[in-house]
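J.: So the protein lines, in turn, are chains P and W. Note that this note's numbering gives residue 315 to position 315 of the first sequence, counting from 1, and the numbers run on in steps of one. Note that this note's numbering gives residue 623 to position 261 of the second sequence, counting from 1, and the numbers run on in steps of one.
Do not rely on the hints blindly, as some may be mistaken.
[Claimed, not checked] On the chain P side, residues computed to face chain W include the following (Cβ under 7 Å):
1. Pro22
2. Pro23
3. Gln25
4. Asn69
5. Pro80
6. Ser111
7. Ser308
8. Lys329
For the record, the hints were derived by calculation from the structure and aren't laboratory data. Where a beta carbon is used, it is the ideal one built from N, C-alpha and C, also for glycine.
So you can see what is in the structure, the chains are spelled out below.
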Amino acid sequence: MMRKLLLILIFGITFWSCTENPPSQVDGETDLTIYAIWDTTSSKTDGIPLANAKVILTSEYGVKIYYTNSEGMLHLTHLPSSTYQISARANIPNQPNRMIVGNLKNVEIVSGNPVADTIFTELVSSTGISINEIYAGGPINNIFFFYDQYIEIVNSSDSIKYLDGIQIYRVSGTNDGTADPGTDWGEDGDIDGVTYAFKFPGNFGEKNYPFYPREFLVLAQTAYNHQNSVPTAVDLSHADWEFYNQLSASDFDNPNVPNLSNIRLDRTTDFFINLTSDIVIMVNGKDAFWEDGMDIETILDGVEYQSSSNSTKTLDDRIDKGFAFSPSKYSGKSMQRREASVDTDDATLDWEIIDAASPGGM
Amino acid sequence: MKQLILSLIFALITNQVFYSQDYKLQSLGGLSYSVENISSNLDIYHFGKNPAWLANSYENDILDIAPYYNDEWGNYSYKFAPFSTRNTGSDFIAIYNLGDAGTFKGFSNYNYQTRKENYRALTYESYNGEAYFFTDTTTGTTNYSGPSIGFSHGIRIYQNLFLGLEGNYQILDGLKNVYSYAISLLRNVNSKVGLAYKIQAFSAGIDYSFNSFQERIEASDVNLLSIQTYLWRGETNRIELREQQQEFKIIKNSNSLGLQFAYNNNLNTSLGFAAKYSTSNTSFIYPITNIETEDGYSNFEEIDMKLQGKYKFDDQILLGFSSGYFQNSSWTQNSIKNLLIWEWNYSDIHLGFGSSYKLFNNNLLTAFEYEIHSIETDSSKYIDGKSSSLSNFLHKLKLGFDYNLIEETSILFGYNFLYGNHDFTKGGSDLVAHKFTFGTIYHYSSEIIFAPEIEYASYKTNDNRYKNSLGLFFNMRFLQ
Numbered sequence: 001m002m003r004k005l006l007l008i009l010i011f012g013i014t015f016w017s018c019t020e021n022p023p024s025q026v027d028g029e030t031d032l033t034i035y036a037i038w039d040t041t042s043s044k045t046d047g048i049p050l051a052n053a054k055v056i057l058t059s060e061y062g063v064k065i066y067y068t069n070s071e072g073m074l075h076l077t078h079l080p081s082s083t084y085q086i087s088a089r090a091n092i093p094n095q096p097n098r099m100i101v102g103n104l105k106n107v108e109i110v111s112g113n114p115v116a117d118t119i120f121t122e123l124v125s126s127t128g129i130s131i132n133e134i135y136a137g138g139p140i141n142n143i144f145f146f147y148d149q150y151i152e153i154v155n156s157s158d159s160i161k162y163l164d165g166i167q168i169y170r171v172s173g174t175n176d177g178t179a180d181p182g183t184d185w186g187e188d189g190d191i192d193g194v195t196y197a198f199k200f201p202g203n204f205g206e207k208n209y210p211f212y213p214r215e216f217l218v219l220a221q222t223a224y225n226h227q228n229s230v231p232t233a234v235d236l237s238h239a240d241w242e243f244y245n246q247l248s249a250s251d252f253d254n255p256n257v258p259n260l261s262n263i264r265l266d267r268t269t270d271f272f273i274n275l276t277s278d279i280v281i282m283v284n285g286k287d288a289f290w291e292d293g294m295d296i297e298t299i300l301d302g303v304e305y306q307s308s309s310n311s312t313k314t315l316d317d318r319i320d321k322g323f324a325f326s327p328s329k330y331s332g333k334s335m336q337r338r339e340a341s342v343d344t345d346d347a348t349l350d351w352e353i354i355d356a357a358s359p360g361g362m
Numbered sequence: 363m364k365q366l367i368l369s370l371i372f373a374l375i376t377n378q379v380f381y382s383q384d385y386k387l388q389s390l391g392g393l394s395y396s397v398e399n400i401s402s403n404l405d406i407y408h409f410g411k412n413p414a415w416l417a418n419s420y421e422n423d424i425l426d427i428a429p430y431y432n433d434e435w436g437n438y439s440y441k442f443a444p445f446s447t448r449n450t451g452s453d454f455i456a457i458y459n460l461g462d463a464g465t466f467k468g469f470s471n472y473n474y475q476t477r478k479e480n481y482r483a484l485t486y487e488s489y490n491g492e493a494y495f496f497t498d499t500t501t502g503t504t505n506y507s508g509p510s511i512g513f514s515h516g517i518r519i520y521q522n523l524f525l526g527l528e529g530n531y532q533i534l535d536g537l538k539n540v541y542s543y544a545i546s547l548l549r550n551v552n553s554k555v556g557l558a559y560k561i562q563a564f565s566a567g568i569d570y571s572f573n574s575f576q577e578r579i580e581a582s583d584v585n586l587l588s589i590q591t592y593l594w595r596g597e598t599n600r601i602e603l604r605e606q607q608q609e610f611k612i613i614k615n616s617n618s619l620g621l622q623f624a625y626n627n628n629l630n631t632s633l634g635f636a637a638k639y640s641t642s643n644t645s646f647i648y649p650i651t652n653i654e655t656e657d658g659y660s661n662f663e664e665i666d667m668k669l670q671g672k673y674k675f676d677d678q679i680l681l682g683f684s685s686g687y688f689q690n691s692s693w694t695q696n697s698i699k700n701l702l703i704w705e706w707n708y709s710d711i712h713l714g715f716g717s718s719y720k721l722f723n724n725n726l727l728t729a730f731e732y733e734i735h736s737i738e739t740d741s742s743k744y745i746d747g748k749s750s751s752l753s754n755f756l757h758k759l760k761l762g763f764d765y766n767l768i769e770e771t772s773i774l775f776g777y778n779f780l781y782g783n784h785d786f787t788k789g790g791s792d793l794v795a796h797k798f799t800f801g802t803i804y805h806y807s808s809e810i811i812f813a814p815e816i817e818y819a820s821y822k823t824n825d826n827r828y829k830n831s832l833g834l835f836f837n838m839r840f841l842q
């Protein structure tokens, strides 16, 4: 009997000796060196180190912000392995109103493989008018209230622009499920999937509605003090413009706020946008016929926002190469450009979530 | 500290209670090898936890009914943990001596647990040495409730050879009463088979146990808000998850092989040796694009050895000693990228001795036990860029007094003191703990015993973190 017991013991020990081994490669043994330079000459290789530049790292682990040292260098260790989007941005030394930005896309940081790269920053070229904030998710509430949505636009140029004929689109159509919104369905150089289309008064080229340099304009879904309905909502009674669907029998119209009017005549609702994922596009109005899509060269700005870093981006890369990360719905939070004047056509790096709506740059 | 680590082998409530000590030892501050008591016998069942020896462990039929209330509160806890935890429930234990059919022990429990100010945690176990955590954004109250049942059966199968079987099943429902309104469903199954053999004063045993644990967490807000949660890989890196509904699953499996030896000459000397080797693993599963994917995986390997002895000097004096070695090695990987993110080792060597002495015509029993633990930890949290290596001495002192007030009634008092240099799992140093127990045992008749007990404990570290606990127990034993 003891012999049997011993056999069982030996069998058991042999069985257990096949223990698992951990992976040989560890996470976090990373070494990332970024040099940020800016260039006042035509030769980028002779760029000047960009000291104290904000370096934004975006990955599945969220957004992390660092700053370069006086040599224009940032050295990081113990980053988790992931694919990173990296942006460096700073004001041009001694010119606080002029922003220079550079991006590195899809940088694979793998444990054990040091990465060193250089970001060449450049003066941001802007068409002048861009979308600066999208407040879509609604205030903190439990009655599904989201009617205080608004879009804020900015003229980040040094010259007066004109709003005449500019159109704002919500783009979420899928062509009956056969195509993604914000893509070029017919590969004919325009963007398709328009759900709602609203327009400033006037026509492209006219100059009746000036938009002054560094000015922010709030385009309210409904220009009303929504705090009368939900205390945590945004007071939009003093918005600069209001989306108003003249074909709707119920859309509220604030007589003190000028309107953007509906130009998609088969739609009778207000300019609603999805609370957590959608595409908003602003065009200059030169292409007044939206039904065949928006000509890409007329697009002033376009932003896609999504609720998850795993979401699939659909907006055409010629409009924007990333998407903004949206806050939870009914959280009272909003999405805004990190710097109002910076539009690198990569919303992943250009946009951030802010804790509260800030209409008019409040 | 050691109990913390032992929790790694999934000693949930079921298992902890199933082998829980006798109410008398509990009232004596948890004394064991320094006093005579059936629950502290150095035999294959009570010391070695091998169900085969159950056939030799009880002569009478016993029914224990033990309702309890226990509340602990304080900020000496893990990062994602409740401020207070309250347990209310009752144990039911029945032992039947079936003669030639062996001895059967049945167990059931229903526990209702309330965790208040539960800081972000969504999982049942706040920390088990794994590098994965699943949290939301709120602090709120979480309730868990559910039954557990179990049995143990030991039987002589051939001359001096005994066979034992044991099974436990526990199921728990949990709900966090605040956003994200996470619902938990836990299932824990434990089974054990053992053999024991007796040669005169010697006995030997071997057992194998398997444990399967699964926890599924579903979060979907009652107000249809999107659920915002975080999947932590390590302490500092997290992935934000935002969906209308979220599911997270934890699956744990463990295997243990145990060996036991005991010597009892029925006169004055008994010795017990128990060794256990365990392997266990944990999978953390999160559905990516609706496909369940293992995001993380933890592996544990443990060795636990104990040697205890008792020597009855005379009718008044009992001497005892205890020694042991415990080792745990574990690692956690990011399964998607096949990268090691945490690795740590823990070892604990302890030595202890104790004695009991009877005074006043054996009406007063006084006893003490002292243990010193030498603990070594080696932690490498690669993904967090942290590593540490700590040595720690832990001192435990237990005192107990049992005074036979009148013929049917005795009062019992216990005191524990604990001091440790470091606590590397919860942080902090100079941990000091005091525990007081007070109970009475009243023999209502030769067949009925009532044993109410109250416990109070306090823990404090040098950074003024604390944890207090209050326990109320009412044990009723029915003998036949």
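J.: Evaluate each hint against the coordinates.
T.: Structure-based check of all given hints:
| no. | hint | in the structure |
| --- | --- | --- |
| 1 | Pro22 | 4 Å, holds |
| 2 | Pro23 | 5 Å, holds |
| 3 | Gln25 | 6 Å, holds |
| 4 | Asn69 | 19 Å, violated |
| 5 | Pro80 | 5 Å, holds |
| 6 | Ser111 | 6 Å, holds |
| 7 | Ser308 | 5 Å, holds |
| 8 | Lys329 | 6 Å, holds |
Violated hint for the displayed structure: number 4, the only one.
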